[in-house]
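Participant: Start from chain C and add chains A and Y according to the hints.
Chains as they are written, first to last, in our numbering: chain C, 683 to 1111; chain A, 18 to 583; chain Y, 3 to 258.
To be clear, the hints were calculated from the coordinates, so they are not data collected in a lab. Nothing here was measured: the structure is a model prediction, and the numbers come from that model. Note that the Cβ used here is the ideal one computed from N, Cα and C, for glycine as well. A hint or two may mislead.
Said to hold, decoys possible - So the derived label-pair ranges between C-beta atoms look like this:
hint: 1; chain 1: A; residue 1: Val524; chain 2: C; residue 2: Arg1104; range: 44 to 54 Å
hint: 2; chain 1: Y; residue 1: Lys143; chain 2: C; residue 2: Asp1103; range: 55 to 65 Å
hint: 3; chain 1: A; residue 1: Cys439; chain 2: C; residue 2: Asn924; range: 43 to 53 Å
hint: 4; chain 1: Y; residue 1: Met234; chain 2: A; residue 2: Asn297; range: 15 to 25 Å
Claimed, not checked - Below, computed lysine-lysine pairings styled on DSS-like, alpha-carbon distance capped at 27 Å:
hint: 5; chain 1: Y; residue 1: Lys203; chain 2: C; residue 2: Lys912
hint: 6; chain 1: Y; residue 1: Lys144; chain 2: A; residue 2: Lys368
hint: 7; chain 1: C; residue 1: Lys906; chain 2: Y; residue 2: Lys222
hint: 8; chain 1: A; residue 1: Lys369; chain 2: Y; residue 2: Lys247
hint: 9; chain 1: Y; residue 1: Lys253; chain 2: A; residue 2: Lys347
hint: 10; chain 1: C; residue 1: Lys899; chain 2: Y; residue 2: Lys14
hint: 11; chain 1: Y; residue 1: Lys247; chain 2: C; residue 2: Lys906
hint: 12; chain 1: A; residue 1: Lys256; chain 2: A; residue 2: Lys368
hint: 13; chain 1: Y; residue 1: Lys247; chain 2: C; residue 2: Lys942
hint: 14; chain 1: C; residue 1: Lys906; chain 2: Y; residue 2: Lys203
hint: 15; chain 1: C; residue 1: Lys1039; chain 2: Y; residue 2: Lys203
hint: 16; chain 1: Y; residue 1: Lys144; chain 2: C; residue 2: Lys942
hint: 17; chain 1: C; residue 1: Lys912; chain 2: Y; residue 2: Lys239
hint: 18; chain 1: Y; residue 1: Lys42; chain 2: C; residue 2: Lys757
hint: 19; chain 1: C; residue 1: Lys926; chain 2: A; residue 2: Lys242
hint: 20; chain 1: A; residue 1: Lys312; chain 2: C; residue 2: Lys926
hint: 21; chain 1: Y; residue 1: Lys42; chain 2: C; residue 2: Lys1099
hint: 22; chain 1: C; residue 1: Lys942; chain 2: Y; residue 2: Lys232
hint: 23; chain 1: C; residue 1: Lys750; chain 2: Y; residue 2: Lys14
hint: 24; chain 1: C; residue 1: Lys757; chain 2: Y; residue 2: Lys253
hint: 25; chain 1: C; residue 1: Lys899; chain 2: A; residue 2: Lys347
hint: 26; chain 1: A; residue 1: Lys368; chain 2: A; residue 2: Lys498
hint: 27; chain 1: Y; residue 1: Lys222; chain 2: C; residue 2: Lys905
hint: 28; chain 1: Y; residue 1: Lys203; chain 2: A; residue 2: Lys347
hint: 29; chain 1: Y; residue 1: Lys232; chain 2: A; residue 2: Lys347
hint: 30; chain 1: C; residue 1: Lys905; chain 2: Y; residue 2: Lys10
hint: 31; chain 1: C; residue 1: Lys899; chain 2: Y; residue 2: Lys239
hint: 32; chain 1: A; residue 1: Lys347; chain 2: A; residue 2: Lys242
hint: 33; chain 1: Y; residue 1: Lys232; chain 2: Y; residue 2: Lys222
hint: 34; chain 1: Y; residue 1: Lys247; chain 2: C; residue 2: Lys912
hint: 35; chain 1: Y; residue 1: Lys143; chain 2: A; residue 2: Lys368
hint: 36; chain 1: C; residue 1: Lys1100; chain 2: Y; residue 2: Lys10
hint: 37; chain 1: C; residue 1: Lys899; chain 2: Y; residue 2: Lys232
hint: 38; chain 1: A; residue 1: Lys505; chain 2: A; residue 2: Lys536
hint: 39; chain 1: C; residue 1: Lys906; chain 2: Y; residue 2: Lys253
hint: 40; chain 1: Y; residue 1: Lys143; chain 2: A; residue 2: Lys369
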Amino acid sequence: MIVSDVVCPFCGCLCDDLELDVEGDRIMHVQNGCSLAESTFMHDTRLPAPIRRTTTGWENISYDEAIKETADILKDADRPLLYGWSSTHGEAQSVGVHIAELIGAVIDNTSTVCHGPSILAIQEVGHPGCTLGQVKNRADVIIYWGCNPIEAHPRHMSRYTTFATGFFVPDAQRERMVIVVDTRRNDTANIADEFVHMEPGGDYAVLSALRAIVRGKESILPKKVAGISKEQLIRIAGICTNAKFGAIFFGLGLTMSRGKYKNVRNAIELTDELNRHTKFVISPMRGHGNVYGSNEVFTWMTGYPFAVDFARGIAFYNPGETTAVDILRREECDAALIVASDPGANFPRDAAAHLAKIPTVVIDPHVNATTALSHIHIPCTAAGIDAAGTAYRMDGVPIRLKKVIERGYPDDAEILKKIYDRLNGGTGP
Amino acid sequence: MTELLVKNACVIDPIRGINGEIMDIAIRDGRIVESVSDRAESIDAQRCLTLPGGIDSHTHVCGTKVNFGRYMSPEDMRAGRTQRRGRMHVTSGYYVPTTFGNSYRYSAMGYTTLLEGAMAPLEARHTHEEFTATPHQDMLANTLFDGNWAVMDAVREKNINKAAAIVGWTLNAVKGYGIKLTNPGGTEAWGWGEDLTGIHEHVPHFEVTPAEIITTMIQANELLKLPHSVHLHCNNLGKPGNYQTTLDTFELVPDLNPDRQTLYATHVQFHAYGGGTWRNICSKAEEITRSVNSKPQIVMDMGQIMFCRTMTMTADGPMEFNLHCLHHNKWSNHDVELETGSGIIPVTYSKKSAVNCIMWAIGLELALLTKSPWQCLLETDNPNGAPFVKYPEVIGLLMSKRYRDEECATLHADTEKRTSLCALEREMDWHDIAVMTRAGQAKALGIISQGKGHLGIGAEADIAVYPIRTDSVDPAREYRKVVEGFQKTRYTIKRGRVVSRDGEIIVDGANATFWVNAKVPEDLRMENDPEFIKRFEQFYTVRMSNYPVQDVYLPRGRCIETEAFT
Amino acid sequence: MRVILESKVRSKPNLPIEAEAIIPRNFLKGTDLVVFEGNKERTLSDLFWIFVEGTAVSPENIEVVLKGDTSRIKRVGEYMDTGSIMISGDIGMHCGNFMSGGTIEILGNADAWLGREMRGGTILCRGNAGHYCATGYRGEKKGMQGGRVEVFGNTGDFCAEYLAGGEVQVHGSTGDFPGVEMRGGQLIIEGDATRPCANMKDGTCVILGRVYEMLPTFEKIDRRVLPEWKIMADVYKGDVANRGKGTLMIKPPGPV
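Pulled out of the complex, with its shape left as it was, chain C reads as follows (with noise of 0.2 Å):
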């Protein structure tokens, strides 16, 4: 059977143009999809029941017993922490902000580690910016800055920028100017019109430097930034200024550099400069399929985008000191909770090493490096996949994932709830 216009959970472009050929409870062959796609559909082996550690290795339970447990470790800790988020939906999300709430814990998100530092610094400065549609129809210059979407976004290009027809660009390879800022020759600036070779660290300084030109004070830069010769970055500056539109896309070769969230707030304030001369834009390339959901949620509902403290029975919010990083590295947290991701993986090695010494549960559909470091692991559905629910896409445009095909596991937001229930004595958020 085919499924078409289906979803891609897995990376922040979160394309739905895909075409599944479904046989009963699985996915044969995946149409349209880049190999991460494939890779999600298709290789998607799961933990087949709830487990939780003994002394000399694992033993199965059943949701319920893993459930009431979990409810257990929660329930009278006094720094518990609910991490990650990013890989399900929307319903999830909610329900995990309403357990912190209940159990005065930190809640935080993968931004944490990728582009929270994007959003301290559109707390400074805001974030001029549009859907992606809009770069697709009108876009003649296009920047890609500290990020290789070859490799982490494929479709990227072919969908929204370089490639993408668009209304107003109908020719795109020959209208479309690409330009690529990196520290070393990635994939993507093989095929740029233009490659900036900048020094490593040299992000903020270039991006100051730009900002002077484009206000007409090039006199008093010197002659090289960053190992950018000064008529490179006049030549660059010029080709933005004269743009009928430009878009700025970036990664985390912005936000982790030295200095993070003050790197993308600098090419913020260029953008906002460059929109004295003509349009700009600019755009975070988001790493997972839904940490942008996981944002917005915890936003509408906290009035924070990620690192909310309900210790104090009010939302507090301070990146480096609510942060789950920073929390599990202090050693503050004495239970955690992690959905949807993969610290063990991705978290510094002090920090993912604390979530062994406490307990931890994960509910996720795989198992992965956290799973080694925990006490239960509850598996469930994967959004996208056999679950179906709300995502944010990189530039906020909400999609529907869909249920392609039902693999008899529990949604974790159905998981979640019951374990607010029990938290709660019986009544749901």
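Facilitator: Relative to chain C, chains A and Y alone:
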């Protein structure tokens, strides 16, 4: 079966012509009935002012740009935070509260129905998710069409039927309530960083003018028999001298509907400026109200600003960018492909600014100079003019010349010569306020037939009991009591349940979302139109089959069907 | 009056304690104060041995002394307006939050956000201060607005971010981006600094040590004598990228 009896209520119900009668209100299963049994729980309203639940006909509380406003303002989130307490979740935010914050605070003020001012169709799912998280008010969504490519093509082709069919398809797809136009044509120009400066200027590439968009959509609206009229945020918002654009726009509006206005012009204060620069800006409220007073086909709302820090957020992208260049505050922008735009930026309205003082005066002038309160409704374009928690202060100002005089004495010296507010003697009465905060909205939105805005038999039991004894308060002198009284109801009843008591929420909500399905004839439907389908295939980045808002997003949807094209 | 609070040994010593109640003024009413440990409410005596010496009729004569392991105690001195606090060891985050008067002295090191959103008063940190020393809160346009913060050791990154008024003096070196977004006030760094005064709008910064990765958008305009430091400093104006009119004065030989 649940029964409730509200006794000794001093009712003002303009739609039914009741003005201060003491009566009992009987409620069964969420509706107002003739009488209830002895087993009914009863509440003694103690002769307090009892009105139908408040209705806000233009507020920004749910959706992409509202959430942007929250997300980018942690400093506001912490300023307005409240503790988790009883049934009440944690809330954050003062000028852009979280959804629970909005819902609780509106409920405390007696509001039971809200129209979200702007929803971009592509992102409607987000609005509906937030509707469900605003649990104590029934919600309606104004759906944006100002920069809609399909609509502009139909306008250029002078094909009203097609424009109507596009609107019909879209409202059905995204569960919207009515047609919203924000800076029509201007939001498409902003896709290139440009704007339009007049209603007869052409939109780049699409070659239509705002005047054409507005007139075509007005016709389409009536063809579809939508309960609400076209809802318009005029071109040139905020620009000195823009009153002429507003007057010219009003001249375009025919009188096509016997039951309600043909155009709802929103936050008109921002569109009533004379002069030509920030130096010589002045009030043209007299000219605007002269026009509205002679045109029953137009209803407007005030767009009152108050002196405070707040957040502007509209689909009017170019206007927001101009504000950014003026004040250098943090600015967000979010253009939506093929549809519309938006901008978000915090502002502070200050008494030290002559311009702000004039703006403040204009909002009040509009209300005081419009003869019929049914034609000028009380809003602040929340949060653009002020957060909605300031509505009681606006009520106080409208009812008391003394309050206005005391405020006028603290304003910038230039205000008096550039506005006429200080000379206006009119003081609204309780009935006027009831019209401006609920009855007028119910009529303008076309929801009287849904049982909203009045307390007659069969109406939905949405009721607000305010701690005000109209027989012992003189609103002209005791404006403080008026303000306090409207801030917190003794009881807010929603569909027959007491949801708020003295400002505390006591039950979980179960709101409904109203939307419109205009039944377009088979041969006109957009799902059969190859060009319409092509736009999805080629230019949108979401597939046509994934675009509509699925039923699951409206757990308690109330669909209003209309017999379009008949 | 002297109130001595000696921290008790805890079964979960890594749990953060929030003790915004510990300000001199509150001890006028006694020692029955509420503090939080994680998400649990505690009394002061649950977490501290309390010794009171003498009496006071007004708060400016109250000195609070903290002893023992106080490195995880947050928000001490929050909204303090008078009196003094002496911390014998290290102190946790947000020490002196919103302070408007009085004195806080820390003999050890201070964790992040020392003196956040300060309006007045004096903070002396004998050891090192963590990241975000003398700064503001996310999203606010102004950080520290008045008062004085003096760090005898080094600071972490983002020292004096969004500085709008008052004075910050660091005897040691700062980390990355000291004085970033500053718009007023005075920042003095006697040691080294990396990428100082980025995006500066206004205010004054003096650096006596080495400057690493000086930003390209500062314009050298002058040389000026600074009598209090007995040097002739190079004067830069910037940050030009941000239309800034701030003053950055660096002791020669200048940026590395």
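Participant: Could you grab the alpha-carbon distance between Lys899 of chain C and Lys14 of chain Y and see if it respects the 27 Å cut-off?
Facilitator: Given pair Lys899 of chain C, Lys14 of chain Y is violated - Cα atoms ~56 Å apart, limit 27 Å.
Participant: Run the distance test for Lys247 of chain Y versus Lys912 of chain C: straight-line Cα separation, threshold 27 Å.
Facilitator: holds (24 Å)
Participant: Measure nothing beyond the straight line between the CA atoms of Lys143 of chain Y and Lys369 of chain A; if it is 27 Å or shorter, mark the hint as holding.
Facilitator: With a Cα-Cα distance of about 20 Å, the restraint between Lys143 of chain Y and Lys369 of chain A holds, given a limit of 27 Å.
Participant: Hinted pair, alpha-carbon criterion (27 Å max): Lys144 of chain Y, Lys942 of chain C. Please report holds or violated.
Facilitator: Holds, at roughly 20 Å.
Participant: Confirm or reject the claim that Cys439 of chain A and Asn924 of chain C have a C-beta distance inside 43 to 53 Å.
Facilitator: Once the Cβ atoms are compared, 52 Å apart, the range 43 to 53 Å for Asn924 of chain C and Cys439 of chain A holds.
Participant: Could you grab the alpha-carbon distance between Lys203 of chain Y and Lys912 of chain C and see if it respects the 27 Å cut-off?
Facilitator: holds (24 Å)
Participant: For the pair we were handed, Lys253 of chain Y and Lys347 of chain A, check the Cα-Cα distance against 27 Å.
Facilitator: violated (35 Å)
Participant: So if I understand the rule, the pair passes when the alpha-carbon distance is 27 Å or less; does Lys1039 of chain C with Lys203 of chain Y pass?
Facilitator: violated (47 Å)
Participant: Do Lys143 of chain Y and Asp1103 of chain C keep their Cβ atoms within the hinted range of 55 to 65 Å?
Facilitator: violated (44 Å)
Participant: Within a Cα-Cα threshold of 27 Å, do Lys247 of chain Y and Lys942 of chain C meet the stated pairing?
Facilitator: holds (25 Å)
Participant: For the pair supplied as a hint, Lys750 of chain C and Lys14 of chain Y, is the alpha-carbon distance within the 27 Å limit?
Facilitator: holds (25 Å)
Participant: Quick check: does the Cβ-Cβ distance between Met234 of chain Y and Asn297 of chain A fall within 15 to 25 Å?
Facilitator: violated (51 Å)
Hint compliance for this structure: hints 1, 2, 4, 9, 10, 15, 19, 20, 22, 24, 29, 30, 32, 36, 37 and 38 are broken, all remaining hints hold.
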